[in-house]
Amino acid sequence: SQTIHQWPATLVQPVGSPLSLECTVEGTSNPNLYWYRQAAGRGLQLLFYSVGIGQISSEVPQNLSASRPQDRQFILSSKKLLLSDSGFYLCAWGPFAGGNNEQFFGPGTRLTVL
Amino acid sequence: AQSVAQPEDQVNVAEGNPLTVKCTYSVSGNPYLFWYVQYPNRGLQFLLKYITGDNLVKGSYGFEAEFNKSQTSFHLKKPSALVSDSALYFCAVRDISSGTYKYIFGTGTRLKVLA
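Respectively, the protein sequence lines represent chains A and B. Under the working numbering, the first sequence has 16 at position 34, and the numbering climbs by one with no breaks. To convert, count from 1 in the second sequence and add 18; that's the working numbering.
To be clear, the hints were calculated from the coordinates, so they are not data collected in a lab. You may find that some hints are simply not true.
Between beta-carbon pairs, the in silico distance windows are [unchecked claim]: (1) A/45 - B/47: 33 to 39 Å; (2) A/51 - B/130: 40 to 46 Å; (3) A/55 - B/57: 22 to 28 Å; (4) A/52 - B/63: 22 to 28 Å; (5) B/59 - A/-2: 36 to 42 Å; (6) B/90 - A/47: 33 to 39 Å; (7) A/89 - B/27: 39 to 45 Å.
Just so you have them, the derived chain A footprint on chain B, three or more residues with Cβ under 8 Å [as the list claims (entries may be wrong)]: (8) 55 to 67; (9) 88 to 98.
As the structure is a computational prediction, the values presented were derived from the model and not from experiment. Where a beta carbon is used, it is the ideal one built from N, C-alpha and C, also for glycine.
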């Protein structure tokens, strides 16, 4: 069966520090991968998605970047964190060929920037 | 452009009563619609989806949803609410207009089931 991992679970970082959040998927090949941010327990904002290694689409211009160095690994990064980067970050995957299939979400990373 | 609306920020219902969480959509072409649930500090869990076929879709934990093409709605329902159903619910539609596999989520509805 497929599983999706995110780490760390929680993170407290000072303003101006770098960030690296990692997401890995097991049990599937060539998944579509997604990064979302959820502010204040409400709506989801799509940040990045990827349909293959090295292929990243950015949805919102911001202080973050994403990379996909391996088929089942998706990394969210920042060189210098802002206060506004605080939030709950969710990674998700969906089958590559399945537009009518649901996404599967990881457990999330709670980021607090102080 | 594809969009999803959840008009209620919060829905309160007494335990044992039926519940409805509303969702309307706007898409070009046939809609692929989804419902997810999120418990505090957790990722989203898939509940059910409508792709084609019967308008009444049954999903996990006793939830069901009714697809209504004329009203462009996909409301989530449950005949008898449990306190443990209290959570944040999201409706989503797959964005097919851009040729990608993006999903558009509603703003979420917080369901509170009162004992």
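A quick look at each hint next to the structure:
1. A/45 - B/47: 33 to 39 Å: holds (35 Å)
2. A/51 - B/130: 40 to 46 Å: holds (43 Å)
3. A/55 - B/57: 22 to 28 Å: holds (26 Å)
4. A/52 - B/63: 22 to 28 Å: Between residue 52 of chain A and residue 63 of chain B, where Cβ atoms are some 26 Å apart, the hint holds.
5. B/59 - A/-2: 36 to 42 Å: Since the Cβ atoms of residue 59 of chain B and residue -2 of chain A sit about 26 Å apart, the hinted range of 36 to 42 Å is violated.
6. B/90 - A/47: 33 to 39 Å: Once the Cβ atoms are compared, 37 Å apart, the range 33 to 39 Å for residue 47 of chain A and residue 90 of chain B holds.
7. A/89 - B/27: 39 to 45 Å: violated (25 Å)
8. 55 to 67: Our answer is that it holds, as 8 residues pass the Cβ test (under 8 Å) against chain A, meeting three.
9. 88 to 98: violated (count 0)
Hint check: violations occur at hints 5, 7, 9; the rest are consistent with the structure.
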